[in-house]
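Line order of the protein sequences matches chains A and D.
Here the working numbering is used: the first residue of the first sequence is 125, the next is one more, and so on.
Here the working numbering is used: the first residue of the second sequence is 406, the next is one more, and so on.
It should be emphasised that the hints constitute simulated quantities derived from the structure, not laboratory data.
Positions of the beta carbon are idealized from the N, C-alpha and C atoms, including for glycine.
Any given hint could be a false lead.
Unchecked claim - DEER-style ranges, computed between Cβ atoms:
(1) G378/A x V810/D: 41 to 51 Å
(2) R320/A x S672/D: 24 to 34 Å
(3) I281/A x W947/D: 38 to 48 Å
(4) R805/D x V290/A: 30 to 40 Å
(5) L251/A x D939/D: 36 to 46 Å
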Amino acid sequence: MVSPRVASPTKVGRAAAPTAVSRLIARRLGWAVVTAWFVVTATFALVTAVPADPAKALLGPHATPEAVERVRAHYCLDEGVAGRYGCWLAHVARGDLGESYASKRPVAELIAARAWPTVQLAVAAILLQLAIGVPLGLVAAARRGRWQARAVSIAEIVGLSAPSFVVGSLVAYVFAYRFGWLPIAGYGDGLHDRLRHLVLPAFALAAFGAMYYAGVLRTELSSELARDYVRTARAKGVGERGVLLRHALRPAAGALVALIGTDLGVMLGGAVVVETLFAWPGLGRELLQAILAVDLPVIAGGVMVAAIVVVTANLVADLALLWLDPRLRDR
Amino acid sequence: MMRVWMVVAVLAFACDPPDRGPRWRAAGNASPQPGGTLHLATKDTVKTLDPSIAYDEHSFLPVHAMFDTLVDYAPGSTELVPRLAERWEASSDGRTLRFWLRPGLVYADGTPIVAHDIITSLERALTTADSPFGPMLVELEGAQAVLDGKAAHLAGALAPSERELVLHLVRPNAAFLHVLAMPFTTPQRAEHVRAAGEDLRRRPLASGPYQLAAWDEGQALVLVRNPHHADPARGRIERIELREQLSRETQFLMFERGELDAVERPSHPDLLWVTSQPAWAPYVKTQPGLNVYGARMNVRVRPFDDRRVRQALNYGLDKDHTVKLLAGTAVPAHGMLPPGVAGRDDALAAYPYDPDKARALLAEAGYPRGLDLDFVTIADEEAEKLAAAMHGDFAAIGVRLHVSVVSFSTWVSVVGKPDGPPLSFASWIADAPDPASFYDLRFHSRAISGDSSTNDSFYANPALDGVLDAARGEPDPAARAALYRRAERILYDDAPWIWNYHQAMVDVIQPYVRDYAPHPVWGRDYTGAWLDLDAHGERVSW
Chain A
125 MVSPRVASPT KVGRAAAPTA VSRLIARRLG WAVVTAWFVV TATFALVTAV
175 PADPAKALLG PHATPEAVER VRAHYCLDEG VAGRYGCWLA HVARGDLGES
225 YASKRPVAEL IAARAWPTVQ LAVAAILLQL AIGVPLGLVA AARRGRWQAR
275 AVSIAEIVGL SAPSFVVGSL VAYVFAYRFG WLPIAGYGDG LHDRLRHLVL
325 PAFALAAFGA MYYAGVLRTE LSSELARDYV RTARAKGVGE RGVLLRHALR
375 PAAGALVALI GTDLGVMLGG AVVVETLFAW PGLGRELLQA ILAVDLPVIA
425 GGVMVAAIVV VTANLVADLA LLWLDPRLRD R
Chain D
406 MMRVWMVVAV LAFACDPPDR GPRWRAAGNA SPQPGGTLHL ATKDTVKTLD
456 PSIAYDEHSF LPVHAMFDTL VDYAPGSTEL VPRLAERWEA SSDGRTLRFW
506 LRPGLVYADG TPIVAHDIIT SLERALTTAD SPFGPMLVEL EGAQAVLDGK
556 AAHLAGALAP SERELVLHLV RPNAAFLHVL AMPFTTPQRA EHVRAAGEDL
606 RRRPLASGPY QLAAWDEGQA LVLVRNPHHA DPARGRIERI ELREQLSRET
656 QFLMFERGEL DAVERPSHPD LLWVTSQPAW APYVKTQPGL NVYGARMNVR
706 VRPFDDRRVR QALNYGLDKD HTVKLLAGTA VPAHGMLPPG VAGRDDALAA
756 YPYDPDKARA LLAEAGYPRG LDLDFVTIAD EEAEKLAAAM HGDFAAIGVR
806 LHVSVVSFST WVSVVGKPDG PPLSFASWIA DAPDPASFYD LRFHSRAISG
856 DSSTNDSFYA NPALDGVLDA ARGEPDPAAR AALYRRAERI LYDDAPWIWN
906 YHQAMVDVIQ PYVRDYAPHP VWGRDYTGAW LDLDAHGERV SW
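All chains, full assembly: derive it from the sequences and hints.
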């Protein structure tokens, strides 16, 4: 049987695109679950391979063997890897993620409390990366061979070479300690105070990405500027600014969108160094503490959430790419 | 060109350190003033406010401020004083302790504190699976049965009246009073414990000078004065704000800017700087801690089964060098007990640094050409620095040290196993300023068991066991101290550890923080401190 929709060639383009998109979404969400499961299982295997005993880590060097045994039994740590994994899966099946060994706080509550600060930092950093990277990339492409382009190249080398803890320490010293314009560390209360606290960590997190974006955009724009349609546009009398912003930028931005997807995923998983440096109460710092304390339920819960976030962020980036470049919808 | 010079000028200004003396001074009030807010920070998180669980140094600050116990330590001292108890008596056989509570004691919600509430706490420690304190109570009659789940109530603890508590011990134990100074023995009202349930960790019912006002976990905890607390000498500061998870370096920057009123243990560069500044020097407060650091050896494993090897390593370590590495905040150790703890033989000096003697002892033990040793240490700035120093010192006596760095969790999990690393970093922070708290779990043969021995040197010596057992029950302080000096000498000669140093607690405070020094047991105890501010409650600039 032939569907009437397919029979009409004029409708194919319009009807096929949403089907491809929904199939993509369904497939990716399926993969998100599989990826999260795989990542958590692998994490369990890795954490168990370390000779650290969560019960001893929790109780410390003073713990008598009886106290250690009690804690092992309480958290089903005495049942081997399979037992621990089974215990955790049982919690997940019940809809909770267990409780932290160290603080006894429910893991779901703990992750929820840490997720919002991480989201704010990640979004601010991505926006900063774009706000700094895109203009610099445009300048470098438009002023190729001139001092402006060389200045951007130098800034790129510095930004790409300086680790976030160096950038973070430097801006904290200058703008917070030395000049006192912004707080040294912390999270802040209320919108204004929060934004003040957000500036430096977001900048420290964004410094590398901003310069990377500038470089990628410059390369992409350079290749776009050499294409025929650009020559046509110029021939039609479109000015350089118009060529750059209205014609070349959109196709060149595709690469940035893919990067944003990856970056957002990574940043939402937590930015350990920057969060630690600026005492930003995000997921990364929490996960690091949990790993050091062998706090299995927190590690498993955090890793699971991070895996889902990475997969979802990539999915969103792919959807954005489809929107930006209609040619991809038919693939 | 002009622009370049402007950039250079701005950069030079940015990098030029500001005037770094204290910005504020004490207002000069002659007597302690109530009020004000004290801003503190901690490197880690406060994990729980449930006194039956809290055992880490970061949770201890709020826990000690909120929970009073029968007995406590005098300000700046390790001397036991009555707190909730008005007085106490020990029976002539040393097995019964009788306490009388002060009249009119109430919790922060105004309800009365009664003697039975202390029994509730003791039973909670015994029945809460992840309480680290249960095993500390086995000296109480009937505690083992509760711990094993064979009894629901503690037979050895009775409350004949609302103000009277009687505790029966299985044997005389002079150190047991120290257990009753620990916050887990604070009175807990059973109805509150039941009503709070799982939420008890963040719903404390305070009996001490402060109560919880707010806690945004992982970020900040706020304590305010408990209006029902009767002692005017404690809880003078109105509000204590404790910010969590700020690195030492960040804390110090915030302290200099006046965002914090005190910092604990600055990093070594900050500490060296602050102690070298005459303007800051009066505000650096130090106090010997109840700790010892060094390396432990499994004395049952070659080559550490030979005492001469163990002694050689003690002679081969330059402790004075260690003290320098620690920015002068430590004293060399000759044994477990730090200065100030009864039973420490101050006449005994640390093993001198004597590479020749070390080499001779190694040769005598059959290692004339030295030997290779594996050393496991923890991922900690200080411990790694010390491992590097040890590596250098031992190279001079022909011992080639192969250092592995592991996490604290891994280290604490493997050192108590008989087949664990034979030589590793070791540290011990005692629960109480009592020699029993340094020796019993570390060197008594009873503490060797299975794969989680706290006696991780696997040192078993009947002579030492005998001395430790006798000392535990000895009621006469002088005779008890003499016994512990004997124990110290035995261990000194047998050298199951390479004793290195005792670390001091170091806090730097703003000039307007008055009557504060780190407490020998509690560390950061601000319950007796006050803020010397002007009439409007503001800080006074220099």
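Right, here's what the structure says about each hint:
| no. | hint | result |
| --- | --- | --- |
| 1 | G378/A x V810/D: 41 to 51 Å | 45 Å, holds |
| 2 | R320/A x S672/D: 24 to 34 Å | 26 Å, holds |
| 3 | I281/A x W947/D: 38 to 48 Å | 45 Å, holds |
| 4 | R805/D x V290/A: 30 to 40 Å | 35 Å, holds |
| 5 | L251/A x D939/D: 36 to 46 Å | 44 Å, holds |
In this structure, every one of the numbered hints holds.
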